[in-house]
Amino acid sequence: MDAGPLPYYPINDFGPAMKGMVIGGLGIFHVFIAQFAIGGGMLMCYFQWLAMTGRVPLARKFLDGFFKFLVLVSFVVGALTGVGMWFTTIQISPRTIGMMVDEFHWIWATEWTFFCLEIVAGYTFYRYGSILTDKARLALLGLYSVAAWGSLFWINGILSWQLTPGDWIGSGSLAAGFFNPSFFPSLIFRTIVSMTIAGLAACVVVNLMLELSREEKTTLIQRAARFLMPMVLMPIVGLWFFSVLPEDSRDWVMGGSVAMTMFMTIAVGTSMLIGLYALVGLIGQRLYINGATASLLCALAFAATAGGEFVREGVRKPYTVRQALYSNSLTGEDVARLRQVGSVTHDPYPLENASQYPNEQLKLGAKVFRMQCSVCHTMSATNGLTHLTGTWTMEQKRLNIAQLQRTKSFMPPFAGTPEELEALVQLVTWEHADRPTSWPVSTDTDVLNRIQQWLDDVGTESGLKPGRLLAEAG
Amino acid sequence: MEQVFPFGFPAASARYLTLYVLTLAVHVVFMHYVIAGTGWLAISGILGLGESSLTKTLRDWMPAALSAAITAGVAPLLFVQILYKHAFYTSNLLLFHRWMSILPVLIVGFYLLYVMKSRQINNWPLVARWAVVLLAFGCFAFTGYSWTENHVLSLQKSEWPTVFEQSRTFYGNAEILPRLALWFVGSVPTLGVLVGWQLRHSQNNADEPIAPAPSVVATASLIGLAGSVLFALVYFFMLDGDVRSVVTGRAALLYFLIATVGLAVQGYAWWRQRGDARWDVRWLGLATAGMLITVIGVSVVRECLRIARLDFAALYAEHEAAAGKSGLIVFFVFAVINALAIAWCVRLVCTRRSAVNARVDSGEVT
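Quick note, the sequences are listed as chains U and R, same order. Sequential numbering from 1 applies to the first sequence in my numbering. Sequential numbering from 1 applies to the second sequence in my numbering.
So here's chain R without its partners, still in its complex pose:
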């Protein structure tokens, strides 16, 4: 890794690495919404914070967000198989039942989101409502844990035979918890950005002040950012010296700096938003930019750390062979067509909603 990521790799490997990181970043954004959103609902339920525009929005959009997270997760899942086939498949196989259990757990979690959204749940006893939201969060936290465990195990090649022989239900490794904690707390500012835009949109349609949502979201995001820095440091100092040096090495340093700048930008934006009673597009825009470059920067650093711990050069031939397969043009053509169709769907709905809102405002319809 002598050059800035991904330029130091052969063309085929660089191509798949770039696609993997970009698609992973998209998945991460939606996944953060789900994990932090259900976490927020669980905490606000337990603390008895009551129903707010924030909780209503989260409840309403959570099934769609999970759908988006799963759909967006398919692409990186495809590219990770091309890049790290043997390591990825092996860790899947070693975790066996435990790994496969994320599927029924996700299905349960998915349906619980619909239960959370239903009107009937308001008639349920408080304990039952808590149970639903806690269980939903537990399902996604478990899935997150399993992915982290899978990833860490895929990097420990020397341990594979022992793990297999012992048929462990859980793979224990000191890296897992700080890494998971980093994911979890890091998800809060991402949620802040997404839900901030959603709430700002409804703010446009409401006359009354919408505080305290902006300051609550901003404060939570600031705490999330501080927690991210803390757990990133814990994780960093847990790594071996050789691996640690990757972060400041030629391939990852630029992205590490980008991610750091992104964190600072987010911190500034949320600090300014914190004092406003209404959502301010300037601070939301700035936080969005910071979030996006942080997610991309962290995704690349994460990838460099993985590459440093595998014999990546031994995989170049496989990447080259995969790159020799045709179909790329077909993918690009349909990717463009379908992206346009998706944009059209969104535009159609936005236009129609504006028209309906205008009619409501003019008293034409109620």
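So that you can see chain U by itself, here it is in the shape it has in the complex:
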């Protein structure tokens, strides 16, 4: 385990699921819940103000019911899925989370102090809200909201740094990394989304309050719908965010990657539907919204969140931290070194089912697959190599994998020796052949020489346009 400078970790097999799907699934759920908690805090401040100023006395009844709902959902699930995101990221890419913690641990620690305040302010309101004065209630809710939004502020800096690290690349400056180019558009966008989710969730909760008359419900819904008004800013902030994305990331969203384009379309389309309904129907025509429709809009908001988060994660490729760490947790320097010494030469972890492979070359290939490919690909299931390379000839496989960053610019460069690459090609071909019990070992030196030549030709740099990367690095 100390045999090389690379930190080797045991890499688990997630079966037919792509690892990105696992973290994406939990991440979307967590983001939705967390943003609901943030917007919920703001909405409660507003409702407390409505109640205490006599504008809508009814708001007090809603407030006490809604907050219990908010506590039960967001405190419990939100807090634990937040920790869960940490644990899941360790499972998917320990080196990525390690780098994030190393760079931003004081920011994370700062965020934790806001989280503590959020929990204390929230619980004190939850337990003692009924005996507090209006002023004290508003103050507690205000603190809760500031703390919840503060959590977003700090975490947003770390997440947006992954995509657009900005001047941090050259300077290593924490401030440059934190206040990176996508920090503000992302922060404003997420704040609007938080308010939207809270407004929609409030509409659902109002409909669940059976003790209210239709008229009373309408009054509260009209007030909650005001939280959807900032959605008019979404296109502008979205374009702002879009404009600061790296050029290649923008290209993928604009059709370069069908999956990215599709998910972006889902995010934009569902947001537009919600926005139109809210602005034209709820606010313009003062329509009533029943529980079913409110729930449907919440589901659309979830779909929009899912689409947006998928795109945000996807457009980082081939990096997890742009220009610093590739998707498979290797740095640029690692790639150059592993081309010389081999990527799994010092990997201390054996294969879990080594006996299924007929020869040592296939075992080597399986280790290379585990080390370099398995974070985004399965062998034969989701995003499976056998599907992606099904029509390639043997020589095509060798060339395309050797020059992976040219094959697809969102792929990282191959980081291993020609022997490892040939072993991977043999493994994929063996899988194509339905895993026969015997398989010849490929030892042709001409093949290895050709692979070496292709590797040398393409170099160890990313496939993204060098000019763009240089410009980003200042």
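Worth flagging that the hints you see were computed from the coordinates, not collected in a lab. Among the clues, some could well be false.
If you want the footprint, here are the derived chain R segments under chain U, 3+ residues with CB under 8 Å [as the list claims (entries may be wrong)]:
1. 62-71
2. 85-92
3. 103-117
4. 160-174
5. 319-331
6. 347-355
DMTMM-like, lysine to aspartate or glutamate: derived pairs with alpha carbons at most 20 Å apart [unchecked claim]:
7. R:Lys157 x R:Asp311
8. U:Lys363 x R:Glu165
9. U:Lys397 x U:Asp456
10. U:Lys397 x U:Glu431
11. U:Lys397 x U:Asp434
12. R:Lys325 x U:Asp167
13. U:Lys408 x U:Asp456
14. U:Lys61 x U:Glu215
15. U:Lys217 x U:Asp64
16. R:Lys117 x U:Asp64
17. U:Lys363 x U:Glu419
18. R:Lys325 x U:Asp102
19. R:Lys157 x R:Asp242
20. R:Lys157 x U:Glu352
21. U:Lys408 x U:Asp248
22. U:Lys68 x R:Asp60
23. U:Lys61 x U:Asp134
24. U:Lys363 x U:Glu431
Every residue, glycine too, gets a C-beta built ideally from N, C-alpha and C.
Add chain R to chain U, keeping to what the hints say.
Leaving out everything else, chain R in the frame of chain U:
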């Protein structure tokens, strides 16, 4: 480890070790409340001890205590990643599904605490009520087991490849059970202190005698202290001689003595409290002081035992690199601001509660 912890380490390592131990101690206090509290509720339910001020208080505060435990757990989780990144991540990865299962288990446990607290549960059949409380305790016991298993595995570097190859669901190691038992029984006196203060607060608002809660809590705490000593000894003698010598070595000895003194102080305080029908602030205060120094002392000894079993010197460069990152000032500024805001929240509620109680006492409101 030639000097008293943390002075024998480079500045960066010492800084993160200190922060880790202090934040871990805070987490441990809340975690003890949850594990011992749900354990107490489970036992009293099975034994049919009936509802008391103790069980009511535990039921009422348990969700908040779990929230506090989880929130307080985030900080040591951050610092452990800086201190022992490779070992911590590796044991996480080796335990895989098993490790990740603590998340849904904790969510289930959390909601069960709310079920336990609800009024509706009183209308449920006895078996259903038992099931809820036992399941809640089981969720937290499982989480505790998993953390202990994770910690022990992170120290067994030579076993990592084998554990990975065998894809074991559980990692078996003789250290796990005595260590876990020490955590569990050690949690009882901590619970005693916390719930003692809570009950004393309600005692101030009640005229009638509140026995037997003080003597019951004191007796349970004394049993917990005795059990802690027993399992600490079992654990100590299970360790290799080299590792064992760490406890009496220069780095840990002072803290070992502090923890021992803390245990003795707690024992004395609980023994005196045991005979009183009402909570006595002197004995509670003494038990609190003893508990705090025990928790800190044990946390440091635990850390010294871990350091002795890892190539800690090899991690100094990583700690140094992490310490070179900026942001510490930002953290301190907001830590102070948010601590003041938290204190303000608590004060606001305490002041308001006193005002309401005074109005109730004067008959102004009912």
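Here is how each hint holds up against the structure:
1. Remark: the region 62-71 of chain R is confirmed as covered by chain U, as 5 of its residues place a Cβ nearer than 8 Å to a Cβ of that chain, reaching the required three.
2. Residues of the region 85-92 of chain R with a Cβ under 8 Å from some Cβ of chain U number 5, which satisfies the need for three, so the listed coverage holds.
3. Note: the region 103-117 of chain R has 6 residues with beta-carbon separation from chain U under 8 Å; the three-residue rule is met and the coverage holds.
4. Look at the region 160-174 of chain R against chain U: 5 of its residues bring a Cβ nearer than 8 Å to a Cβ of that chain, three or more, so the hint holds.
5. Three residues within the 8 Å Cβ limit are the bar, and the region 319-331 of chain R against chain U gives 8, so the coverage statement holds.
6. Counting residues of the region 347-355 of chain R whose CB lies closer than 8 Å to any CB of chain U gives 4, so the stated coverage by that chain holds, three being the minimum.
7. In summary, the hint linking lysine 157 of chain R to aspartate 311 of chain R is supported, as the alpha carbons are separated by about 10 Å, within the 20 Å threshold.
8. Proximity of lysine 363 of chain U to glutamate 165 of chain R is assessed by CA-CA distance (about 14 Å); at most 20 Å being required, the pair is judged to hold.
9. For a cut-off of 20 Å, the pair hint linking lysine 397 of chain U to aspartate 456 of chain U stands: about 17 Å separates their Cα positions.
10. For the hint pairing lysine 397 of chain U with glutamate 431 of chain U, the CA-to-CA distance comes to about 13 Å; that is within 20 Å, so the pair holds.
11. Restraint check for lysine 397 of chain U and aspartate 434 of chain U: satisfied, since their Cα atoms lie roughly 17 Å apart, inside the 20 Å limit.
12. For the suggested pair lysine 325 of chain R and aspartate 167 of chain U, the alpha carbons sit about 15 Å apart, so the restraint of at most 20 Å is met.
13. In summary, the hint linking lysine 408 of chain U to aspartate 456 of chain U is supported, as the alpha carbons are separated by about 18 Å, within the 20 Å threshold.
14. For a cut-off of 20 Å, the pair hint linking lysine 61 of chain U to glutamate 215 of chain U stands: about 15 Å separates their Cα positions.
15. At roughly 15 Å between alpha-carbon atoms, lysine 217 of chain U and aspartate 64 of chain U fall within 20 Å of each other, so this suggested pair holds.
16. This hinted pair checks out: lysine 117 of chain R and aspartate 64 of chain U have alpha carbons roughly 18 Å apart, not beyond 20 Å.
17. Under the criterion of a C-alpha separation no larger than 20 Å, the hint pairing lysine 363 of chain U with glutamate 419 of chain U is consistent with the structure, at around 12 Å.
18. Using a Cα cut-off of 20 Å, the hinted pair lysine 325 of chain R and aspartate 102 of chain U holds, with the two alpha carbons roughly 8 Å apart.
19. At roughly 17 Å between alpha-carbon atoms, lysine 157 of chain R and aspartate 242 of chain R fall within 20 Å of each other, so this suggested pair holds.
20. In summary, the hint linking lysine 157 of chain R to glutamate 352 of chain U is supported, as the alpha carbons are separated by about 18 Å, within the 20 Å threshold.
21. Among the hinted pairs, lysine 408 of chain U with aspartate 248 of chain U is consistent with the structure: their alpha-carbon atoms are about 12 Å apart, no more than 20 Å.
22. For the given pair, lysine 68 of chain U sits about 15 Å from aspartate 60 of chain R by alpha-carbon distance, which is consistent with the 20 Å threshold.
23. Between the alpha carbons of lysine 61 of chain U and aspartate 134 of chain U the distance comes to roughly 13 Å, so the proposed pair stays at or under 20 Å and holds.
24. In summary, the hint linking lysine 363 of chain U to glutamate 431 of chain U is supported, as the alpha carbons are separated by about 13 Å, within the 20 Å threshold.
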